[in-house]
Amino acid sequence: GQQVMQIPQYQHVQEGEDFTTYCNSSTTLSNIQWYKQRPGGHPVFLIQLVKSGEVKKQKRLTFQFGEAKKNSSLHITATQTTDVGTYFCAGNNAGGTSYGKLTFGQGTILTVHP
Amino acid sequence: GAVVSQHPSRVICKSGTSVKIECRSLDFQATTMFWYRQFPKKSLMLMATSNEGSKATYEQGVEKDKFLINHASLTLSTLTVTSAHPEDSSFYICSARTPWGDSTDTQYFGPGTRLTVL
Chain U
8 GQQVMQIPQY QHVQEGEDFT TYCNSSTTLS NIQWYKQRPG GHPVFLIQLV KSGEVKKQKR
68 LTFQFGEAKK NSSLHITATQ TTDVGTYFCA GNNAGGTSYG KLTFGQGTIL TVHP
Chain V
264 GAVVSQHPSR VICKSGTSVK IECRSLDFQA TTMFWYRQFP KKSLMLMATS NEGSKATYEQ
324 GVEKDKFLIN HASLTLSTLT VTSAHPEDSS FYICSARTPW GDSTDTQYFG PGTRLTVL
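Chains as they are written, first to last, in our numbering: chain U, 8 to 121; chain V, 264 to 381.
The reader is advised that the hints may include incorrect statements.
Said to hold, decoys possible - In silico lysine-lysine, BS3-like type, Cα no more than 30 Å apart, as pairs:
#1 329/V <-> 318/V
#2 305/V <-> 318/V
#3 329/V <-> 66/U
#4 66/U <-> 305/V
#5 283/V <-> 43/U
#6 329/V <-> 304/V
#7 283/V <-> 64/U
To be verified - Now the in silico label distances, taken between C-beta atoms and shown as ranges:
#8 46/U <-> 314/V: 42 to 48 Å
#9 322/V <-> 46/U: 22 to 28 Å
#10 350/V <-> 67/U: 36 to 42 Å
#11 62/U <-> 327/V: 37 to 43 Å
Just so you know, the hints here were simulated from the structure itself, not pulled from any lab data.
Beta carbons are placed, not taken as given, at the ideal position from N, Cα and C, and that holds for glycine.
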């Protein structure tokens with residue numbers, strides 16, 4: 008079945024440093040979604056990438072979707088303490104009967120030291 | 264828009280009892296909802312896909328007689344954990360798939376239900 012690998016599992020940064028998390032899918036994706044889960048909270052939708060090579064920005068966050076639509080990254084510039092949480096990528100299978108199901112990566116737990 | 268509620272937020276029950284969790288899409292109709300389970304500091308594991316008006320589709324390894332899913336309307340899906348045991352203790356989260364947008368299939372998550380079985 009489809010697998011989505013996400014690294015690193017943990018990332019500790021000083022406030023102001025940059026942060027990147029990477030996702031790699033074993034199969035081609037129709038789209039990939041990114042979620043943020045604060046400690047004790049639930050996943051909150053951040054963005055969806057659909058097109059090959061797509062790059063989207065949300066303030067200090069930059070999301071990329073690979074040309075082959077099998078990998079993606081989330082980069083945060085100049086982290087702040089409010090960025091703390093777990094970031095998940097979730098891949099949507101390209102066609103087939105499982106279309107619409109998300110396969111989540113393992114998540115990257117980000118801690119930011121002030 | 265795209266608000267999903269979940270009730271209860273927290274439940275503690277005795278071993279052997281059944282617990283029902285409700286998931287509602289508040290401002291849109293969701294023909295498809297999903298039920299996930301999450302262990303501490305772990306990722307979300309899809310348990311089943313809930314389709315309005317039809318039987319749920321369970322993921323491999325998930326007991327359908329243990330985790331009963333009912334999607335009776337376009338805004339409500341329920342998950343019943345039957346004869347709960349301590350190993351069923353977990354964080355259960357539902358999501359609803361939005362029917363709009365060029366992006367398709369964005370899922371919005373409920374706040375989750377923390378189940379503790381004593």
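State, for the Cβ atoms of residue 350/V and residue 67/U, whether the hinted interval 36 to 42 Å holds or is violated.
-> The hinted range 36 to 42 Å holds for residue 350/V and residue 67/U, with Cβ atoms some 41 Å apart.
Per the hint of 42 to 48 Å, is the separation of the Cβ atoms of residue 46/U and residue 314/V within bounds?
-> violated, 33 Å
Is 22 to 28 Å a correct range for the gap between the Cβ atoms of residue 322/V and residue 46/U?
-> holds, 26 Å
Hinted pair residue 305/V and residue 318/V, Cα distance within 30 Å = holds, 28 Å
Assess, step by step, whether the Cα of residue 66/U is no farther than 30 Å from the Cα of residue 305/V, and give holds or violated.
-> With Cα atoms ~28 Å apart, residue 66/U and residue 305/V stay inside 30 Å; holds.
Please work out if residue 329/V and residue 66/U have their alpha carbons no farther apart than 30 Å.
-> This hinted pair is violated, its Cα atoms lying about 44 Å apart.
Within a Cα-Cα threshold of 30 Å, do residue 329/V and residue 304/V meet the stated pairing?
-> With Cα atoms ~24 Å apart, residue 329/V and residue 304/V stay inside 30 Å; holds.
For the pair residue 62/U and residue 327/V, does the Cβ-Cβ distance stay inside 37 to 43 Å?
-> For residue 327/V against residue 62/U, whose Cβ atoms are near 42 Å apart, the range 37 to 43 Å holds.
Satisfaction of hint between residue 64/U and residue 283/V, Cα-Cα up to 30 Å = violated, 40 Å
Taking 30 Å as the top limit, are the C-alpha atoms of residue 283/V and residue 43/U close enough?
-> Answer holds: residue 283/V to residue 43/U is near 27 Å, not above 30 Å.
Pair hint residue 329/V and residue 318/V, alpha-carbon separation not exceeding 30 Å = holds, 15 Å
Hint compliance for this structure: hints 3, 7 and 8 are broken, all remaining hints hold.
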